[in-house]
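Build the full structure now, drawing on both the sequences and the hints.
2 protein chains.
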Amino acid sequence: MITIALDAMGGDHGLSVTVPAALQTLKQHSAVKLILVGQQEAIEAELQRHKQTISEHLTIHHASEIVGMDEPPAQALRTKKDSSMRLAINLVKEGIAQATVSAGNTGALMATARFVLKTLPGIDRPAIITALPTMHDHVHVLDLGANVDCTPEQLLQFAVMGSILVSAVEGKPRPRVGLLNIGEEDIKGNESVKKTHELLRASSLNYAGFVEGDEIYTGDLDVVVCDGFVGNVMLKTSEGLAQMITHFIKQEFKRNLLTRLSAFVSLPVLQAFRKRVDPRRYNGATLIGLNGTVIKSHGGADVLAFEHAILGALAEVKNNVPERIGQELTAMAAKGVVV
Amino acid sequence: MITIALDAMGGDHGLSVTVPAALQTLKQHSAVKLILVGQQEAIEAELQRHKQTISEHLTIHHASEIVGMDEPPAQALRTKKDSSMRLAINLVKEGIAQATVSAGNTGALMATARFVLKTLPGIDRPAIITALPTMHDHVHVLDLGANVDCTPEQLLQFAVMGSILVSAVEGKPRPRVGLLNIGEEDIKGNESVKKTHELLRASSLNYAGFVEGDEIYTGDLDVVVCDGFVGNVMLKTSEGLAQMITHFIKQEFKRNLLTRLSAFVSLPVLQAFRKRVDPRRYNGATLIGLNGTVIKSHGGADVLAFEHAILGALAEVKNNVPERIGQELTAMAAKGVVV
Chain A
1 MITIALDAMG GDHGLSVTVP AALQTLKQHS AVKLILVGQQ EAIEAELQRH
51 KQTISEHLTI HHASEIVGMD EPPAQALRTK KDSSMRLAIN LVKEGIAQAT
101 VSAGNTGALM ATARFVLKTL PGIDRPAIIT ALPTMHDHVH VLDLGANVDC
151 TPEQLLQFAV MGSILVSAVE GKPRPRVGLL NIGEEDIKGN ESVKKTHELL
201 RASSLNYAGF VEGDEIYTGD LDVVVCDGFV GNVMLKTSEG LAQMITHFIK
251 QEFKRNLLTR LSAFVSLPVL QAFRKRVDPR RYNGATLIGL NGTVIKSHGG
301 ADVLAFEHAI LGALAEVKNN VPERIGQELT AMAAKGVVV
Chain B
340 MITIALDAMG GDHGLSVTVP AALQTLKQHS AVKLILVGQQ EAIEAELQRH
390 KQTISEHLTI HHASEIVGMD EPPAQALRTK KDSSMRLAIN LVKEGIAQAT
440 VSAGNTGALM ATARFVLKTL PGIDRPAIIT ALPTMHDHVH VLDLGANVDC
490 TPEQLLQFAV MGSILVSAVE GKPRPRVGLL NIGEEDIKGN ESVKKTHELL
540 RASSLNYAGF VEGDEIYTGD LDVVVCDGFV GNVMLKTSEG LAQMITHFIK
590 QEFKRNLLTR LSAFVSLPVL QAFRKRVDPR RYNGATLIGL NGTVIKSHGG
640 ADVLAFEHAI LGALAEVKNN VPERIGQELT AMAAKGVVV
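If you read the protein sequences in the order shown, they are chains A and B.
Note that the working numbering has the first sequence beginning at 1, numbered continuously upward.
Note that the working numbering has the second sequence beginning at 340, numbered continuously upward.
I should point out that these hints are in silico values taken from the structure, not numbers from a laboratory.
Hints should not be assumed to be uniformly reliable.
Said to hold, decoys possible - In the DSSO-like style, the derived pairs of lysine-lysine whose C-alpha atoms are separated by at most 27 angstroms in a straight line are: (1) B:LYS589 with A:LYS195; (2) B:LYS589 with B:LYS614; (3) A:LYS194 with B:LYS527; (4) A:LYS254 with B:LYS614; (5) B:LYS533 with A:LYS275; (6) A:LYS118 with B:LYS614; (7) A:LYS172 with A:LYS275.
Treat the numbers as computed from the prediction; the structure is a model and nothing was measured.
As structure tokens, this is what we get:
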């Protein structure tokens, strides 16, 4: 039985999303136990609203505090020692749960997880990794914002971690790894990227070389590595562009009676398209490089999206992702490869 | 009369795009003279194909060489002194033309333009700026790849140049300028971005503060400033995502007879949508910060796209963009503002 501790209070919608998402998950998966971490009475009330109670598979772990969505990470770490986020991470540390999922404040989650769980041996800094849809399938990108300035050695560590995650969860033996740059020629890019390129070429990874931004969506890569500043801008830009395109399509279909009719006719097509790029199906970024599985859900996640984040945690625990990363790094160190 | 020198040989399609685009431009604009710079005989043959000859508004300036699309910039600068790109830029330097447009190799164009025209006083490095569509209108973003590592002072210069471009060409008195970052709080971002934030706050620009990637497309900014690495990744990522979304929409409409019928019904809507985000209408990036107007067209531009790049050059010359940037920087220096 896999146990996952949910930060039930986190995110823009708190219990109204986390509790139904937990119930939904349990309906589909029998070998899972979920611990709802948060204000006991509020959780009980929410469960009652769904005509449910605690059970062998669903328990409550009381937490008196909540980390605010805009609270500075250092302050949350220092002062909110009884927050739902902190106690959920503590449960992983204590071995009571194997993973935690939170839709709370990203900075606070990263700072707390790093402080409580510590990084794996050989990893300087954890990174944030998520899957994005591509023209052919999907791709994992890291770092998405945890580290604004990265050394070439850290970027190599990201590549190793991303590669292990994909190979463990998706069963791909040698994931193709690309390094994000602004040109495919060896001469382009900044110093850090050029040095990382050399490290990756010398590594045992299935390194595909430099890739440009468009190849994230149109290429055939499994993992794309970049520093957290670039990765975050890339991710947010994509969100904004997708939002704009959706807005334009809606506007054009709403223009007049005729276009409204054609929208009606096209509804199945539009729905199929929407489902294909539905960001909820990609919700759940992993804080990778820690002693334990920590999944960050989008703050605005709805029930379906939060459920996807829980399923992501489940897949990583099932496939022993942190253990595999630890083993690989130990093996690399034994072989004298400095990561 | 405004004279524009076209690098007729540049781009993936060369004369088959540049010549018809020139002819198209002249049909619409009477007070313009275009100089086709390139291999005289080949240009004459292409003109003949369109049943046209040279005239008061359309002349040929012979160039014996062509810069290859993948040629290293330093090599092009050193060895291709009689290339169409180089001679077109020379015409601007000599005052015979007021602007040049090239769909050739970006690196070579930047290196050659910088070497021949020099940067404006007070500008360390030229930048690449272009307009992108937004949910409400459009936004100008710089730098898009000319400078991989930028000092805060250079980023401030980019902000000044972008602001003057928008105010000159679009008549907006105080363009809203945003600084691209990975969070809106003062604490986030790397050192360079934080220092630039302080410089921008102390400047006389209409500074809107930090913006995240999504606000490029969903916000109400006129100018967004970032370093060339981030800007290039942002631009290429957007291209890739737009390509993927278009691909998915097409796939869904082609799925079966019923969806094909609904595509037929929706054709006017799909065309209106397509027109709205048509990258050809946004073709033409300015190499800003030089003594003269240099426009880089997308290498794969078609006739309509290349025509848009020529019109962009025309608008900048009409509105004296380089002169205004020079004046503003001189005035700032006189006031003791170090840019």
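Status of the hints after comparison with the structure:
no.: 1; hint: B:LYS589 with A:LYS195; result: violated, 41 angstroms
no.: 2; hint: B:LYS589 with B:LYS614; result: holds, 16 angstroms
no.: 3; hint: A:LYS194 with B:LYS527; result: holds, 26 angstroms
no.: 4; hint: A:LYS254 with B:LYS614; result: holds, 16 angstroms
no.: 5; hint: B:LYS533 with A:LYS275; result: violated, 39 angstroms
no.: 6; hint: A:LYS118 with B:LYS614; result: violated, 51 angstroms
no.: 7; hint: A:LYS172 with A:LYS275; result: holds, 25 angstroms
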